[in-house]
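Asker: Each chain is listed here by its residues.
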Amino acid sequence: MKLVLAEPKYFKDSISIVSELVSEAKFKATKNGLKLVAMDPANVAMVNFELLSSCFTEYEVSGEEEEVAINLANLKQILRRTKGDDILSLETTEDNKLKIEMKSNTTRSFSIPTLEIDDKEQKVPDLSFPVVVEMDSTTLTEAVEDVSVVAESVTFLGSKELLCVKAEGDLSKAFIEIKNNETTSIKAETDDKYKAKYSLEYLKKMISGSKLSAKTTLHFNTDYPMKLEYKVTDRVLLSFILAPRVDND
Amino acid sequence: MKLVLAEPKYFKDSISIVSELVSEAKFKATKNGLKLVAMDPANVAMVNFELLSSCFTEYEVSGEEEEVAINLANLKQILRRTKGDDILSLETTEDNKLKIEMKSNTTRSFSIPTLEIDDKEQKVPDLSFPVVVEMDSTTLTEAVEDVSVVAESVTFLGSKELLCVKAEGDLSKAFIEIKNNETTSIKAETDDKYKAKYSLEYLKKMISGSKLSAKTTLHFNTDYPMKLEYKVTDRVLLSFILAPRVDND
Amino acid sequence: MKLVLAEPKYFKDSISIVSELVSEAKFKATKNGLKLVAMDPANVAMVNFELLSSCFTEYEVSGEEEEVAINLANLKQILRRTKGDDILSLETTEDNKLKIEMKSNTTRSFSIPTLEIDDKEQKVPDLSFPVVVEMDSTTLTEAVEDVSVVAESVTFLGSKELLCVKAEGDLSKAFIEIKNNETTSIKAETDDKYKAKYSLEYLKKMISGSKLSAKTTLHFNTDYPMKLEYKVTDRVLLSFILAPRVDND
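Protein sequence lines correspond, in order, to chains A, B and C. Residue numbers for the first sequence follow the numbering used here, beginning at 3 and rising by one. Residue numbers for the second sequence follow the numbering used here, beginning at 3 and rising by one. Residue numbers for the third sequence follow the numbering used here, beginning at 3 and rising by one.
Each hint should be verified, as a subset may be incorrect.
In this list, chains with the same sequence are indistinguishable; a pair is considered to hold if it fits within one copy or across any two.
Unchecked claim - 30 Å max Cα-Cα, derived DSS-like pairs, lysine-lysine:
1. K85 <-> K233
2. K78 <-> K101
3. K85 <-> K207
4. K233 <-> K181
5. K125 <-> K33
6. K28 <-> K162
7. K4 <-> K168
8. K206 <-> K78
9. K233 <-> K199
10. K105 <-> K213
11. K101 <-> K162
12. K122 <-> K168
13. K122 <-> K233
14. K101 <-> K207
15. K162 <-> K30
16. K175 <-> K105
17. K175 <-> K11
18. K101 <-> K30
19. K195 <-> K11
20. K122 <-> K85
Note that these hints are calculated values from the structure, not bench results.
From just these sequences and the hints, can you work out the full model?
Answerer: Laid out in structure tokens, this is it:
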């Protein structure tokens with residue numbers, strides 16, 4: 003497998019975000035692009051990352067697909083060394099290494115070991131979400147940071163026209179109303195109110211997806227997982243699934 | 003009580019500064035404005051804060067005055083979430099909470115508990131200061147940071163034309179001369195030299211008042227408290243009184 | 003001794019860099035300039051600093067030369083307080099202090115104790131380097147930071163046209179090729195390949211010399227010390243000698 007990227011930014015930023023949730027993961031290179039599906043170690047969050055083959059200036063995969071498992075913290079540290087105008091190539095070698103080359107004035111190459119991961123393959127589950135909110139990434143980021151001041155979990159309340167983001171700590175409370183407007187589109191399947199609670203520790207990591215895209219889509223359902231998606235057409239998709247917190251209040 | 007601020011900056015910055023010195027305090031809303039007078043826990047420093055009623059676009063106080071006691075660290079964390087163009091409102095509720103609302107595109111509201119503080123009321127003492135130095139806030143800030151390199155307390159020496167700021171550590175010494183000029187006005191009542199020593203730990207917190215105003219006024223007297231005042235006409239006053247350090251040198 | 007600098011930057015930045023390697027050192031003021039030659043406490047690195055007399059607007063030394071030994075961490079902290087337009091003067095006093103004065107609008111003076119250092123005088127050793135690489139400071143800085151991601155020591159491989167910078171950690175490797183081009187001049191005395199290994203902990207401190215000069219010169223030889231030089235003509239010289247790491251691979 004040899005993959006060459008003229009714009010390393012999407013790959014670099016995505017790995018930086020994913021590595022906060024997952025420490026080791028298996029990349030799969032198919033004819034459509036480079037993919038990664040992984041659970042966090044606590045089995046609370048799933049990451050789905052795709053870098054489409056249209057991002058690459060060279061894209062060689064032998065056979066139908068190739069897999070390579072990597073320590074992401076390791077990969078992230080090396081990708082940090084890429085600069086904006088570097089041409090980045092990723093190549094698996096015969097001695098089970100991943101060779102990462104950065105080319106500009108100088109040629110810099112790194113090699114890191116590939117891993118054996120025997121896990122059964124992770125599949126993105128088929129979920130149904132009656133509430134879908136498309137909004138500026140900053141709107142969600144601000145709301146998550148607001149409620150983080152008072153608590154460690156957040157409740158989303160969605161209806162046809164309104165998304166409420168609320169949190170209640172031991173002493174203090176926070177409540178944010180996000181309405182349908184030019185930049186926000188809130189859709190609910192029925193006239194019901196949908197309500198679910200999620201961990202802010204995880205959400206705070208996920209909203210870093212705003213580095214990739216100025217828009218995000220939040221999907222959820224009552225006492226059900228949520229999905230958060232950052233997407234750049236023809237380039238990259240980074241989406242997260244997060245299990246709900248169900249407790250006795 | 004319901005108070006609305008179109009420019010939250012003065013309130014936000016003041017609380018951030020005051021919370022470094024005082025952890026819990028009682029605000030008093032009178033017809034002139036919102037006031038706070040508090041001592042630090044060690045009884046070394048007093049803070050006097052006034053946000054004049056002309057700052058507010060809405061200002062409802064029931065009766066002559068209303069009081070509300072708050073944990074300032076708590077309040078500060080929430081005010082950090084205001085952005086420049088937010089309209090900020092503060093409202094006491096029937097269930098003994100302070101509701102803090104920030105309005106721009108979205109409406110975000112926080113509520114924090116009010117406290118019972120039984121302390122007798124703090125009054126700003128009547129002090130007489132023969133030395134008064136009006137100067138750029140940065141002049142004082144620089145001098146305090148200079149002497150902090152060598153020691154933990156500072157001595158002010160004031161006379162008719164000259165303010166000397168000096169400090170002596172175990173090994174090193176620092177000495178700064180500030181003269182009367184276009185930006186600095188030094189006044190002393192008599193031809194005497196006035197001299198007093200203060201804690202730099204406290205002073206370093208107080209000089210953050212430079213966030214509010216580009217000018218500051220320092221008042222002191224020999225072996226006597228000092229007063230440091232940051233003021234924006236018709237808007238805000240933040241002043242500090244600091245007890246002297248009297249030692250055997 | 004009284005020395006006055008209109009541009010304190012070179013002195014300030016150099017002391018900041020040197021203080022990372024050496025804690026106490028003896029300055030020598032001769033008619034050519036202010037000099038310092040010192041070993042780090044582990045005897046692995048030598049620093050050679052010269053601030054030429056042409057930098058000074060006033061330069062008084064009594065006799066052939068004067069010496070003054072100083073704690074560099076102490077001096078660094080005080081020099082941090084200089085601003086770009088300060089006129090900086092250094093003066094030894096009769097009570098064995100070094101007086102450091104900064105003059106702009108205000109006059110600020112500091113005094114720190116001078117030390118007794120009985121060490122025999124350090125001399126810059128006479129070394130011969132068949133490989134000399136002149137390059138942009140950032141080229142070396144980037145290469146050192148690249149290899150620091152994977153290991154704690156670096157190997158330089160030099161030949162007539164090419165400098166390779168390589169490092170091998172327990173798991174990962176890095177390899178950078180630097181070629182002769184408009185900004186880089188690589189010279190080797192013979193057609194041999196020269197190879198030596200050095201500590202990155204030290205090198206990372208030395209490359210801060212890039213604050214002084216946009217160009218640097220690296221000199222080395224097989225299993226032999228290296229010399230790294232940052233120079234501003236008629237102003238300042240900061241050079242380092244670093245012992246090689248010789249190990250069993």
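Asker: Compare the structure with the hints numbered earlier in the document and write down the numbers of the violated ones, lowest to highest.
Answerer: The structure breaks hints 6, 12, 15, 19, 20; every other hint is satisfied.
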